[in-house]
Amino acid sequence: MYVVVAGGGKVGANITRSLLDMGHEVTLVEQRRDKIEQLEAEFGHVAMLGDATEITVLERAGIARPPDLVLAVTGDDEDNLIISQIAKEGYGVPKAIARVNDPRNQQHFDLLGITQTVCATSGILGLVEHEVPEHGLVRLLELRREGLEVVEVQITGDSPAAGKRVAGLSLPDGSRLVAVMRRGTAEIATGETVVRPGDQVVAILKPGLEDRLRKALVG
Amino acid sequence: MKAVVIGCGRVGSAVAIQLASDGWDVTAVDEAEHALARLGGGWRGGFVVGHGMDIEILDRAGLADADAAIVATDGDNTNIVIGQVVQKRYGIDCVVVRVLDPLRADFYAKRGLRTICPTQTAISFLLEAVRACDVRPREATGAS
Numbered sequence: 001m002y003v004v005v006a007g008g009g010k011v012g013a014n015i016t017r018s019l020l021d022m023g024h025e026v027t028l029v030e031q032r033r034d035k036i037e038q039l040e041a042e043f044g045h046v047a048m049l050g051d052a053t054e055i056t057v058l059e060r061a062g063i064a065r066p067p068d069l070v071l072a073v074t075g076d077d078e079d080n081l082i083i084s085q086i087a088k089e090g091y092g093v094p095k096a097i098a099r100v101n102d103p104r105n106q107q108h109f110d111l112l113g114i115t116q117t118v119c120a121t122s123g124i125l126g127l128v129e130h131e132v133p134e135h136g137l138v139r140l141l142e143l144r145r146e147g148l149e150v151v152e153v154q155i156t157g158d159s160p161a162a163g164k165r166v167a168g169l170s171l172p173d174g175s176r177l178v179a180v181m182r183r184g185t186a187e188i189a190t191g192e193t194v195v196r197p198g199d200q201v202v203a204i205l206k207p208g209l210e211d212r213l214r215k216a217l218v219g
Numbered sequence: 220m221k222a223v224v225i226g227c228g229r230v231g232s233a234v235a236i237q238l239a240s241d242g243w244d245v246t247a248v249d250e251a252e253h254a255l256a257r258l259g260g261g262w263r264g265g266f267v268v269g270h271g272m273d274i275e276i277l278d279r280a281g282l283a284d285a286d287a288a289i290v291a292t293d294g295d296n297t298n299i300v301i302g303q304v305v306q307k308r309y310g311i312d313c314v315v316v317r318v319l320d321p322l323r324a325d326f327y328a329k330r331g332l333r334t335i336c337p338t339q340t341a342i343s344f345l346l347e348a349v350r351a352c353d354v355r356p357r358e359a360t361g362a363s
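First to last, the protein sequences are chains A and B.
The numbers in the numbering used here rise by one with no breaks, and the one at position 196 of the first sequence is 196.
The numbers in the numbering used here rise by one with no breaks, and the one at position 107 of the second sequence is 326.
The shape of chain A in the complex, shown without the other chains:
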């Protein structure tokens, strides 16, 4: 497949190396002159000097072919958003993945229709939450575009759900308890499954119901 990578920092350079190793065709666009020499030394003609938010630069990188994939991974969120928009809306690139540097900008990507994003900060924060479940609720999976989340909740002795059957829990509409993990083994929850202190329960829910679900399960 043909991939255009915009941004030749640590992320872009490493992705380019991996894609080339996998046998894909890549063009890597980097606008910093001091960086491009290093990239050319490693990648040769694959590396190209230019500002990937400029349409002429993108065209030189072969955006009109169009590539199968565009990766907008510069250190600037506005640039990544613009590159993704031009690629998808202007040239019909089937898939564009944008890097979100500042998690606060995620909402702008969502609003402007750039649905495939990767945010390292949010990812690391997710891992921290998993290790330190401060709020009692850990997000395991977030299907942003589809509007669905999978979360894990730790049940303790004083949780209102402890000792109750799943069918007897008053969970918010739009959420469902799907599995119970006990002593390292997961079981699919049925209405008859009893939730016990020490269990980790897995629930699916619509985004926005986290607080109500948490209240229903752990108070």
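Simulated from the structure, these hints should not be mistaken for lab results.
Think of the CB as a built atom: it goes at the ideal place given N, C-alpha and C, for glycine as much as any other residue.
Keep in mind that the hints are not guaranteed to be accurate.
[Stated by the list, open to error] Only some residues are given here: those of chain B computed to face chain A with a beta carbon under 8 angstroms: (1) 303; (2) 304; (3) 322; (4) 345.
[Claimed, not checked] Straight line, CA to CA, 20 angstroms or less: simulated EDC-like cross-link-like pairs of lysine to aspartate or glutamate: (5) 329(B) / 142(A); (6) 307(B) / 110(A); (7) 221(B) / 286(B); (8) 164(A) / 142(A); (9) 88(A) / 325(B); (10) 206(A) / 158(A); (11) 329(B) / 353(B); (12) 329(B) / 54(A); (13) 10(A) / 42(A); (14) 215(A) / 146(A); (15) 95(A) / 59(A); (16) 215(A) / 110(A); (17) 206(A) / 142(A); (18) 221(B) / 241(B); (19) 329(B) / 59(A); (20) 307(B) / 129(A); (21) 88(A) / 59(A); (22) 10(A) / 37(A).
[As the list claims (entries may be wrong)] The calculated label-pair distances, taken between Cβ atoms and stated as ranges, are: (23) 263(B) / 42(A): 53 to 61 angstroms; (24) 263(B) / 173(A): 49 to 57 angstroms; (25) 269(B) / 68(A): 33 to 41 angstroms.
Once you have looked at the hints, place chain B on chain A.
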């Protein structure tokens, strides 16, 4: 009528001052506090310090009940993103955005953003000015 001007440099501040004197209720937004000085001592409008990508700042500038937004920071891509966010998030129809690169200005204009391209304007005026000189072709004299 309420207008929010994002980016209070030479262009933004002049637009803000002019709109205010036209009777608009104007709030200017800039990352730098000293940009307020560009609005002059008699400025009676609002001024918010912060980045236009920050929703809290946009809220504080009063975009929720604004009738127009002017986006004129010094970054094309920043302006294009803020312009679209303002248009979509606050449902403001009159959003005008400064974009220096003619190609990007044209690309986003075709997608419903009111882009203003000073570069394109300069090109047109310069060409017009040269044509207005009415220079005639020199007669071939053989020796030059």
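Tested hints:
no. : hint                                : verdict
1   : 303                                 : holds (5 angstroms)
2   : 304                                 : holds (5 angstroms)
3   : 322                                 : holds (4 angstroms)
4   : 345                                 : violated (21 angstroms)
5   : 329(B) / 142(A)                     : violated (34 angstroms)
6   : 307(B) / 110(A)                     : holds (11 angstroms)
7   : 221(B) / 286(B)                     : holds (5 angstroms)
8   : 164(A) / 142(A)                     : violated (27 angstroms)
9   : 88(A) / 325(B)                      : holds (16 angstroms)
10  : 206(A) / 158(A)                     : violated (26 angstroms)
11  : 329(B) / 353(B)                     : violated (35 angstroms)
12  : 329(B) / 54(A)                      : holds (16 angstroms)
13  : 10(A) / 42(A)                       : holds (13 angstroms)
14  : 215(A) / 146(A)                     : violated (24 angstroms)
15  : 95(A) / 59(A)                       : holds (17 angstroms)
16  : 215(A) / 110(A)                     : violated (28 angstroms)
17  : 206(A) / 142(A)                     : holds (10 angstroms)
18  : 221(B) / 241(B)                     : holds (11 angstroms)
19  : 329(B) / 59(A)                      : holds (18 angstroms)
20  : 307(B) / 129(A)                     : violated (32 angstroms)
21  : 88(A) / 59(A)                       : holds (13 angstroms)
22  : 10(A) / 37(A)                       : holds (15 angstroms)
23  : 263(B) / 42(A): 53 to 61 angstroms  : holds (58 angstroms)
24  : 263(B) / 173(A): 49 to 57 angstroms : holds (50 angstroms)
25  : 269(B) / 68(A): 33 to 41 angstroms  : holds (39 angstroms)
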